[in-house]
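Next come the chains, spelled out residue by residue.
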Amino acid sequence: MTVLAGLCALVALIPLASVVFQAATLGGPVLSISFLTQNPPLPCTPQPGIPCATGGVGSAIQGTLILVGLATAISVPVGLGAAIYAVEFRSRFLGLAISFTADVLTGVPSIIAGVFIYAYFVIYDPSIVFSTITGALALSVIMIPIVTRTCEEALRTVPHAVREAALALGISRWRTTLQIVVTTALPAIVTGILLSVMRASGEAAPLLFTAFGSRLGFQGFNNPINALPLLIYNFAESPYHNWIDLAWGAALILIILILITSVISRLVVQRMVHRMQGG
Amino acid sequence: MDGPTPSAPISPMPRHSPQWGDRIFAVLVGLGGVAVLVIVFAVMGVLFYQSADSFHAFGWQFLVNTRWDVRHNVYGVVPFVSSTLLTSAIALLIGFPIAIGSAIFLTTQAPRWMRGPIGSVIELLAAIPSVVYGFWGLYVLGPYMRTTVEPALYRYLGWTGAFSGTPTGTDVLTAGVILAIMVIPTIAAISRETLIAVPISQKEAALSLGATNWETTRVAIVPYARSGIFGATILGLGRALGETMAVTMTIGNHDAVPTSFFSQGQTIASLIANELTNSNGPLQYSAIIEAGLILLFISLGVNIAARLMLWKVLRVERGSTE
Amino acid sequence: MSAQGTDKPPETIKRQTSKTPLYAAVAIVVVVIIVVAAGFYAGWFNSKSTTSGTTGCAPPSGGSIKGAGSTLVYPLMYQWETVYGGGTAVNYESVGSSAGITDITQKTVDFGASDAPLNSAQRTALPATAVTIPESAGGVVPIYNVPGVPTLNFNGTVLAEIYLGTVSNWNSTAIQTLNPGVTLPNAAISVVYRSDGSGTTFIWTSYLSLESASWESKVGKGTAVVWPVGSGQPKNAGVAGYVQKTPDTIGYVDLNYALNGGIQFGKVLNPAGHYILASVNNTASALKDANPTLPSGTGDWYNVSVLNAPGVGDYPITSLTYVFVYQDLSGAYGSSYTKTQAETLVDYLYWMVTTGQSYSAQLYYVPLPASIVAADETTIGSITFGGSAVPNSCGSSV
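Chains as they are written, first to last, in this note's numbering: chain A, 652 to 930; chain B, 1421 to 1742; chain C, 357 to 754.
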C-alpha cells in the first residue's frame, strides 16, 4: 500500500519532469544574449540555402517586466491596505466582508479578468482597449485577491500583544500598524507578493484582449505591449521553426523565473517558521 | 505563551484622541478595502450589462439550447457547459486518486527527509503557467495520446461507445488529462494540510489498538480528514473550471456537445478565448459574455463552497492541536 | 494593559535574525529594473527602422498606428511594419479577420484588415462610414499531411464533400479517381478548420459554396460557419502548425503559410479544366483575368470575387484582402484623435499600396495591378480629418 501511495507521488511528478525536460532541451539551445534583447523576427522555416532571421524575445521580456511591475505597483497598496483594514478593523462588518470577498475573488477565472477589463474599456474609451494600462489592470484583478489574502494571513500571525504593547507606549495606531505589525510580518508579506508576481507573469488569458501583444518594445502606456506568455501562445501554434524555437526558449525562461521565485519564497517561509518556533 | 491564534479575534484597540495621522491612515486603508469590494461588483456589473442583449433575445432558452449557430444567430450554452463539466470530471477522476495518494504518502508513509522536498516539487506543478502546459500538451502529450494511449483505449474500451471517433490527440480527453495535472498540486497540498491537522491522539489510539501503519492511515487519519479532502477536491474543481490556455490549445475548438472522449470540444473559457473578439456580430458577443457570466457564477459558487468547507475544518483543527 | 511596563516581552517580538532572503529578493528586483531601464536607453528593444526605405514618403515622426485582423496577410504586414521608416510605430496584430472587423467597429484600432469584405450587417453596425481598400491578394490552398503521397489533385466538389464529412477516408473513390496511380492510405480524414472568425474561411467557404450546391445549402459561406465535421485551430498559423504535426489531416491556409511551413498542398481544378498548383504567378494571373469591377471606396464590396478566374493557368481560389478605415477620422474617433495620427495613418496607407507592393512577391503575395492601385489612391484621397483631406508626404498622383 505504501508502494501504491508512493507510486502516486511519482506519477504526479512525471509531467513536471517532462515539461521541464522538454523546455530545457528545446529552449536551452536558443538562449543567448541576442535572444534576450532582440525583437521577434519575421516568421520563417529554414529552407536549404535560405537561413532564417533568429531574433529574440526581448520585447516580450520587457513587456512582462513592465506589465507585472505596473500591476504590482497597483496591487500591493490596494491589497495590503485591504488586508490591514480587514485585520485591524476586524470587528466591523466591513472587515469580514473584505476578507470573504478577497477569498471569493481568488476563484475568478483569469480569462474573466481580461473580459471584464476589455468589456469595460470598449464602452469607456476604445482607443486604449489594447494598451499597457489595460493589461496591467487585468493582471491587477488577479493579483489583488492573492496579495490581500496572503497579507491578511501574515498580519494575523502577529500576536496582538505586540499591538497592545506598542499602543501602551503611546505609539499612534498608524505607526503601530506600519512600523511594527507590518514589519514583523514582512517576510510573509513579501512571500505573498512574490507568489502573486509569479502567478501574474505566467498569465496569458487576461492579456489576450488587453495588452494585445506587439513585435516592438514598450511604446507608451496607451499602446499595445508584448508579454512572454502571449508570445508563447502566439508562436507555439505556428508552423514556423524559428518561432517555435523562440517559444520554447521563452517557456524555459518563465520556468526558470518561477523556480527562482519559488525557492526564494520557500527560504523566506522557512526562516519565518524557524523564527517563530525558536521564539 | 501568546502564540499566534488566527481564530481569536484581535481585541478592540484602545481609543486615542483621534489624530489626523490615524484618520488618514484609516481612510487610505479603507479605500484599499473598498477597492476589493468594488472589483467584485464591477466585474459582475459589467458582465451583466454586456450580456443583457443575449438574455433578452434568448431568455432561459440559452441554458438549454444545444446549438451554437453563427449562421442563424441562435446561441445556446449547453455545448460549452458540457465540455467544461466533462473535462473537469476527467480531471478529477484522474487527478483525485493521484493527489490523495501523494498526500497520504507524504504525510504518513514517506521518510521524513523526503517530505519537504517532494512536497515542494509537487507544489511546483501548480506554478507552471497554463500556456506552458498547453504548449507541452500540443507537442508532447497530444501526440503521445494520439499514438499510444487513445488507440489502446479504443481497442479495450471501444465497445462502451464512449471512445468512438478517430483518435487525434486533440480532444476533450487530452484536455482533461492536462487539467488533471494542473489540479493535482492543489488537491494534494490542501489534503496534506488537512491530514497533518488530524490530532495525534487519533493516530496514537489506533496504534495502541495494534493497527499497522497503513491501517492507522486508512482507519484513523483519512476518515477524520474527509471533509478537508473533499473541500480540497472542490477547490481543485474550481481551478479546472476556469482554466483557459492549456485547454484552448488541446481541446480542438469545436462548438458542439462532445459525444465521446475523442470528440473535439469547447469549454466556456476556451470559447471566450477563441471567439470574444471574433464575433460575427453584437448578439454573438453578448452571448459569449453571458456564457462568461455563467462560468463566473459556477466558479465562484464552487470556490465559496470549498472555502466554507475548508475554513471550518482547518481552523477547528488548528485550534484543537495546540 | 500589559503588566510588563515599558519592556517589550522578548518572546512575542523577535526581529528577524537574518534578512538575507529578503535582501536577495529585493536585490534581484532592483537589478532587473536597472537592466530593463538600461535596455530602454540603449535602444535594445528598438527595432524601428532608422532607414527611410521609401522614396518620397517621409511620414510625420512620433506617430503610432494600431491595426488588427487578417492572419492571411500577417507576414506581409509584419514585413511592412519593419521596413516603413520615419520613427513611426506600427502595430499589427494578427487576430483573424472577424476580430479585425470587430476591432474597427469598436474603434479600438486605426485600421482593420480582413480577407472578407464587409457584409451588409457589418456595414450597418459601423458607427461611421468606412472605406474599403484592397491592399494585397493571395491564394488559399488545401494542405494535407499524408505521409508518402505526392502532390494530390482536388476539385471543388470533392473538397466540399470532405468538409461535409460525406467523403471520410483518404482512399475513398472520390479522391482516388482524381489521383489515378497514387496509393492512398486507408485512413480516416481529420478535417481541420479555423476556430476563429476568419477571412480565409470566408474565401474557402465561398469557393465551396460555388462548387457544391449541397455545401451552399447546408453550411454556406462566412467568416465563421457551423462546421459539420472536424476540429478547429486558431489563425492561419494554427491550422498550418497542426496539420504539419498531425498525420491524415487536411486543412486550408493561405499560400504563404503553406510555402513557409514547408507543408504539402494540393492542386485544385480550375474552370478551364486544369489542375493548378498555386504560386504567385498563377494567383497574379487569376487576379488579372478575373478583372473584377470594383465599387467605390465607400460602396458595397461583398460581391467582389476573384474566385474561379477564367484563364487557362489561373488558380481558382484567389482573393483580394482588404483594409477598412473610417473616412472621416475626426468625426469617427472624436477629439482624442490627433492630426499627426491621421497623417501617419494616411501616409502608411499610401505607402502600403505603392512602395509596399514591391515586397509582396518575395513573400508569396500578389502585387496589386495598377488599376487597383489607382482606385485605392482615389479612396485614400477621400479620407478627411477636420473637414479637409489629409495631406500625405508620398505625393500621390491623384
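Note that these hints are calculated values from the structure, not bench results.
Positions of the beta carbon are idealized from the N, C-alpha and C atoms, including for glycine.
Misleading hints may appear alongside valid ones.
Stated by the list, open to error - For each label pair, taking beta carbons as the anchor points, the in silico distance ranges come out as:
1) C:482 <-> B:1476: 21 to 27 Å
2) B:1494 <-> C:742: 41 to 47 Å
3) C:654 <-> B:1513: 34 to 40 Å
Unchecked claim - Computed footprint of chain A on chain C, listed as stretches where at least three residues anywhere in the stretch have a Cβ under 8 Å from a Cβ of chain A:
4) 483-489
5) 575-583
6) 677-688
In rising order, the numbers of the hints this structure does not comply with:
Of the numbered hints, 3, 4, 5, 6 do not hold.
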